[in-house]
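Asks: Chains as they are written, first to last, in the working numbering: chain D, 1 to 152; chain C, 1 to 152; chain U, 1 to 152; chain V, 1 to 152.
Heads up, some of the hints might be wrong.
[What the hints assert, rightly or not] Subject to a maximum C-alpha distance of 25 Å in a straight line, what follows is the list of computed DSS-like cross-link-like pairs (lysine-lysine):
(1) D:LYS46 / V:LYS87
(2) D:LYS67 / V:LYS46
(3) V:LYS137 / V:LYS67
(4) C:LYS46 / C:LYS137
(5) D:LYS87 / D:LYS46
(6) C:LYS67 / U:LYS46
(7) D:LYS87 / V:LYS137
[As the list claims (entries may be wrong)] Some chain C residues close to chain D (C-beta under 10 Å, calculated; not the full set):
(8) ASP4
(9) TYR9
(10) SER12
(11) HIS15
(12) ARG17
(13) GLU38
(14) SER41
(15) LYS46
(16) PRO50
(17) GLU53
(18) LEU54
(19) GLU55
(20) TYR59
(21) HIS71
(22) ALA72
Derived from the structure by calculation, the hints contain no laboratory data. Quick reminder that beta carbons are idealized off the backbone N, C-alpha and C, glycines included.
4 protein chains.
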Amino acid sequence: MPEDIRPLYTESTFHVRYAETDMMGVVHHSQYIIYMEEGRSALSRKHNIPYSELEAMGYSLALSAVKVRYHAPARYDDLVTVCAWVKAIQSRGITFGYEIVDAGSRRQLVTGITRHICVDRECRVCQMPPEWVNPLKQTMQEQMSSSQMEVE
Amino acid sequence: MPEDIRPLYTESTFHVRYAETDMMGVVHHSQYIIYMEEGRSALSRKHNIPYSELEAMGYSLALSAVKVRYHAPARYDDLVTVCAWVKAIQSRGITFGYEIVDAGSRRQLVTGITRHICVDRECRVCQMPPEWVNPLKQTMQEQMSSSQMEVE
Amino acid sequence: MPEDIRPLYTESTFHVRYAETDMMGVVHHSQYIIYMEEGRSALSRKHNIPYSELEAMGYSLALSAVKVRYHAPARYDDLVTVCAWVKAIQSRGITFGYEIVDAGSRRQLVTGITRHICVDRECRVCQMPPEWVNPLKQTMQEQMSSSQMEVE
Amino acid sequence: MPEDIRPLYTESTFHVRYAETDMMGVVHHSQYIIYMEEGRSALSRKHNIPYSELEAMGYSLALSAVKVRYHAPARYDDLVTVCAWVKAIQSRGITFGYEIVDAGSRRQLVTGITRHICVDRECRVCQMPPEWVNPLKQTMQEQMSSSQMEVE
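Model the full structure from these sequences, guided by the hints.
Replies: This is how it looks when you write it as structure tokens:
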């Protein structure tokens, strides 16, 4: 998938809280992981990802990896925007992409990905049930096609 | 001051983040202290409290006490509203009041106060400079008068 | 109970983590609530409080109130000691007391209490089951008697 | 450097705090980043890394990247051990390696790295001053040599 296509793209914007800073005077690096998770929550709300249905089928998505790159710091009371999207759907999991920017200047602060793998009730890695993941894949493909058409 | 008068009253509303929950399935009790602080930040933004001017004069407000009562729990993805106001201005400090409610039902979740005392650069407790605190007191009194007139 | 008697007294000592500081260069005030909770965990471990038995009987202890007073700040890498004890056992709940000090100098940093009330599976406030709370009360009384004898 | 050589290797062991869990009943994934940082603090204490000297020379080490892989969850009150070591020293930065294990069983829970780059007072990336980094490199090489001799 081209880098500039971001299916299920969602933005959420909020102020940096005082407690999220550290003695360097900037947002502590662990906090961006929580911002990314909040971006994922906003994505689920906006696109109606039926996660509870996956759980009702006896599966869950466990976080397996996080990668974050830090480009510039955010500070107390800054308005930041978390951009989150689905980067890839594999047979056994989903990868989300993130970009955190200053809400005003759109300056890039942090980029990252999280990988989530499907596990059953015994915590064994397994394929995501097709009846759950296929509609998600279709939405993704439709958004990618229309993005490409816009580009062409 | 009557309990129902809340000068410099400010509301801020946001979703509970996943990371803010604990293994009981509810928001961890320490997190409401951070919500209260975020309410205080929103109050400062809304009413233009010139805190940086106080610091420029060589003073700061140090947190001296927190009291919180827990009435009902908030859960992941709940939309909560933090209500913050100035409860009292003393010669050497300020007391803020807080009420955290469910944004939809307005059900009361948490109530609390924080006390802040004025300290100079040597961390000695001292009176707040009148040129800084008097305009704040005046705004407060005006709001209280108009509240009482509405009641009458 | 005299102020200087602290039944089930327990100390735990650890380093302040970098992430626990804020842009003031000191430990963020919400963090001490987590230190107090860690002190309570250490107390339960040391004195074998059978909390899981209470849960097996269908009850739990819900936090109902927190009060904290801030006397002096802790900083990054400081070694701090959390002192925790049972302050009172009421028919429907337990109150814990806390004092957080600098581990080296024993300088007082923070004092506080937490109140916990007994609730049943329907979240109704209720009396603690005597078969669970009576042994705890007895331990407490024995420790208070021996403390007083030491004083006498 | 072979994978099994871990210069400046340091272990720190502590209990999982209640507030560190989330509604899944396990330690929240962002918390391990803080555990890793605490491992780095322990390494600095143990091996006397003179970080304040670097700052006195006008430089600091800024976090530029974090990678974490999650293998198994830790739970409330678990005793966990954070293993931290220097993975590589480059001309413009340092990479640390981490392994978090269950303290009793030594079961692997989380692995990760953090990259830190040297910046000057104007936040420009620059080489680390040789008088600061060379002693560190030497310690590292000595430990690697003796490790290899043990292996041979």
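Asks: State the violated hints by number, sorted upward, taking the hints as numbered earlier in the document.
Replies: 1, 2, 6, 7, 8, 9, 15, 16, 17, 18, 19, 20, 21 and 22
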